[in-house]
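Spelled out, the chains give:
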Amino acid sequence: MTASLVTQVAIGGLLMGLIYALVAAGLSLIFGLMDVVNFAHGQLLMLAMFAVYEIHQATDLDPLIQLPLVAALLFLIGVAIYRGLIARALGVRFNTGMVQVFVTFGLSVFLVGVAQLAFGSDFESINDVLLSGRTVSFGQIVLPLPQVAAGVICLLAFAGLMLISRTEFGRALEATREDRDAVALIGIDRDRIFSLGWGIGAAVVGIAGAMLAMFYYISPTVGDNFALIAYVTVALGGFGSLIGALVAGLLIGLVEALTALVMDPSLKQVGVFAIYVLVLMVRPRGLFGRL
Amino acid sequence: MVSITRRFLLATAPGLTGLVLTTPCEVQAAPQEIVIGAVYPLSGAASAIGHDAQMALQTEAEVINGHHNVPMLLGSGGGLPGLGGAKLKLIFGDSQNNPQIAQSEAQRLITQEHVIAIIGSYTSATAVTISQVCNRYQVPYISAENSAPTLNQQGLEWFFRPSPTDIDFSRAMFDFFAAIGKKTGHPVRSIAIIHENSVFGTDSSRAQMKLAQQAGIKVAANISYQASTPSLQVEVERLRAADADVVMPTSYTNDAILMMRTMHDVGYKPKAIMAQDAGFIDPAFLKAVGPLAEGVMTRSSFALDAVKLRPAIPAVNALVRPADDGKDLNDMTSREVTALQVLADALNRAKSTNNMALRIALRATDIPGNQTIMPWQGVKFDSTGQNTKGKPVIQQFQHGQWRTIYPFDLATEAAIWNVGV
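Residue numbers (my numbering), protein chains in the order written: chain A, 1 to 291; chain B, 1001 to 1421.
Since the hints were made in silico from the structure, they are not lab data.
No residue lacks a Cβ here, since even glycine has one placed at the ideal position from N, Cα and C.
Be careful, since some hints might not be right.
[Said to hold, decoys possible] Okay, the calculated bits of chain A under chain B, using three or more residues with CB under 8 Å as the criterion:
#1 5-19
#2 78-92
#3 118-132
#4 208-220
[To be verified] Not the full set, but computed from the structure, chain A residues with beta-carbon under 8 Å of chain B:
#5 62
#6 139
#7 142
#8 260
With the hints as constraints, model all of the structure from the sequences given.
Here it is, written out as structure tokens:
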């Protein structure tokens, strides 16, 4: 095993980790805001990937160029999910937590079914993306350009999220998170904040989906492959923490890649879950959790 | 007058057993409709394969029930002549590609739908549970495309598999390596095995390891992975580092797509890829990766281009295509068609839907290859229910089509061989 192979694998793992982190960021945002675990998160990712695929089929627009379009589309879907389902689920009198779990879980099953009906259950893939088959090399280290671009975009998205959290709206988000009843007294429209939160959470996943569509296959069940990792990332980084999601995503990507290098790759998630269990034991609220 | 000798008794004993066990109501009249179960993944990640299987089985039922005059056994239509023209009816169970669900679906089909046999099931992991349920209820299980070699070694009396196993398939690959090495002067010196980690991939890699050892070929890497993995980059880097003459993947569709995409993305092109069928021959794979698959070789139990030797292929294909979204018959769907044909032939000869009579008839199956759509010598089961006459072919993806390249007498194109070049 050469040093360049290890470096290459580590960088590849970190790039993948950025995508895990971005998928998790959307989940974390929604959870942090209103204590709702969105079990349909993987399906939002899947919808974004299919949106990219269908737009690409129809217009030949590259996934990179489609980015703002897909993010906007997912934003609308996120808002619609909040308005149509979550707001109602929040309104039930008792066992609200359970109702939310079942509503989002039911939504996930529904979305997979809708995707199978609308797009078929075959695996699709976008081959002729702008960056496909191109690589950047530093000495002996060769990195695929689509993954590098995806990593850069994910970092930019994170920077955007950080910026949003510093604006007036961000402070309103933070205030609503801390006390959803008190904010009403100072004139913050809670419902509006929540739907924007869902919109942004979904848009973030939309960006991750558009990036994934450059090199990953697309199918109605593709979300499952990433959802579990997203939940682990959020729990590892700390519920509701943006920086936690970023660090945890990178950590998971790195550990996964290095485990796959030194052990049988079918065991690569063992390394990830080992760290997860360790963190749970030592620091149950996650690396950056405040709860 | 016939004197009753020991030989006479021995010869007629199976028939007598059948008579004793046949219930009176079944003797009275042949049924108008024979219900056959099929368990496939109709939802979930593998549902595309399940949908194809559904279309293939329904097409073969239509060949037997309708009037399409396909030049093969039971191809003239009009139902089963041995059962007074009874028609076949298929009832499907959805395994969701989960062995536990497959088990309960098989049970449901047998106890509630009263199917007389079950055909299945795509993945070998689901076949394990279905075949055991069938054995418990004494209902034949016809394994259409499960290829794990351990399946017919479970000691099950109701298990029948017309298809070759992964041992046969892998043996065909190594036979091909030897033959092409001799022909071109560039033999295979090393292989790198990469396989998904369920029973299909694990059995396949085990067989390939053993055969490589016997052939004196070095195994430079043996990598296993989970089919649902979010990334295959490290796996592909390890393949690149192994630098073997031939990369030998055993994969399902999604991981096969991801593997080819990843190889392309990181700029790694193996000298030769010899795939264990499955994902690599799924039309969805070719649609998804397109030209990236050019030059990939696979074992196959089916040769769409062998129309000269198997005249029924165009006729069956013409019926499958419109039913299955324009997809041609492939290695999976052809074997599903054949599984139902084999079962129907046994029913026809048993002249009964009684389970014991059906098993005796299945045991006595002897269909010549040219009466099927398969390039096999025929279908004849050994004592474990394994077909002894199924011989696979090797195909290569050339100019957008699968071409048979081995055995050389069946080949429609010469192999493109980059090893040692």
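Inset, instruction - Report the numbers of all earlier hints that the structure fails to satisfy, in ascending order. - result: 2, 5 and 6
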